[in-house]
Amino acid sequence: SSGINAEWPLRPGEKFCVAECSGLYQEVLLGCCTATMIQDTGLADAVLVVADDIKDLIVDIYPDDEDYIDEVNTDYLDYAEEVMGMLRDPTCDNGVSYNVVPCADWTPEEFGLGNPCEGLSGKKLKKCEKKNPVDAGDADPSPCAGLKGKKLKKCEKKEKKKNKQNARL
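The C-terminal position of the sequence shown is numbered 197 in the numbering used here, with every residue numbered one higher than the one before it.
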């Protein structure tokens with residue numbers, strides 16, 4: 029059983045541990061910016077304080093429903109704390125795991141994003157470098173960057189011609 033058809037509502041840890049969803053969760057939800065916010069306990073505490081203040085406002089408006097409002101608010105706050113705990117330490121019994129690394133601590137190698145041309149030489153290196161241009165901060169940006177198809181070929185031909193003329197000067 030994959031866990032997707034499990035009885036709802038699932039708790040946060042159960043949702044997060046569905047293996048079929050883990051790649052999407054990592055890519056879409058758990059980038060370094062999200063990780064930075066998740067690790068910011070001051071921000072999380074502030075959100076909980078605001079939620080508690082909202083509860084107090086609702087009780088002021090509907091004083092007869094105070095017990096019900098307290099119960100619902102406690103459920104939501106417990107759920108929010110469970111979500112934050114799961115996000116801060118995303119471990120699953122079924123082996124699903126995530127990288128939750130704040131931006132300040134992030135390195136491309138942790139996510140398999142190192143230099144794809146590392147270790148290559150000769151024609152393979154040149155082909156790889158052409159497919160994987162160097163960041164603009166590391167070299168002159170190509171005027172053809174981002175182009176595809178006929179526009180790319182036309183731009184490359186124009187650049188090649190311009191480079192030949194510059195070499196003659």
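It is worth saying that the hints were derived from the structure and are not from the lab.
Just so we're clear, the structure is a prediction, and the values are computed from it rather than from any experiment.
Don't be surprised by glycine CBs; every beta carbon is placed ideally from N, CA and C.
Any given hint could be a false lead.
Unchecked claim - Each computed DSS-like pair below joins lysine-lysine, with the alpha-carbon atoms no more than 30 Å apart:
{"no.": "1", "residue 1": "LYS189", "residue 2": "LYS154"}
{"no.": "2", "residue 1": "LYS154", "residue 2": "LYS190"}
{"no.": "3", "residue 1": "LYS192", "residue 2": "LYS178"}
{"no.": "4", "residue 1": "LYS158", "residue 2": "LYS185"}
{"no.": "5", "residue 1": "LYS159", "residue 2": "LYS179"}
{"no.": "6", "residue 1": "LYS154", "residue 2": "LYS178"}
What the hints assert, rightly or not - Beta-carbon label-pair distances, calculated as ranges:
{"no.": "7", "residue 1": "LYS155", "residue 2": "ASP81", "range": "28 to 34 Å"}
{"no.": "8", "residue 1": "LYS181", "residue 2": "GLY59", "range": "33 to 39 Å"}
{"no.": "9", "residue 1": "LYS189", "residue 2": "ARG116", "range": "28 to 34 Å"}
{"no.": "10", "residue 1": "VAL100", "residue 2": "GLY177", "range": "55 to 61 Å"}
{"no.": "11", "residue 1": "ALA132", "residue 2": "LYS188", "range": "38 to 44 Å"}
{"no.": "12", "residue 1": "GLU187", "residue 2": "GLY150", "range": "18 to 24 Å"}
{"no.": "13", "residue 1": "LYS155", "residue 2": "LEU105", "range": "51 to 57 Å"}
{"no.": "14", "residue 1": "ASN122", "residue 2": "LYS155", "range": "39 to 45 Å"}
{"no.": "15", "residue 1": "LYS189", "residue 2": "ASP68", "range": "49 to 55 Å"}
Tell me the numbers of any earlier hints that the structure contravenes, in ascending order.
7 and 9
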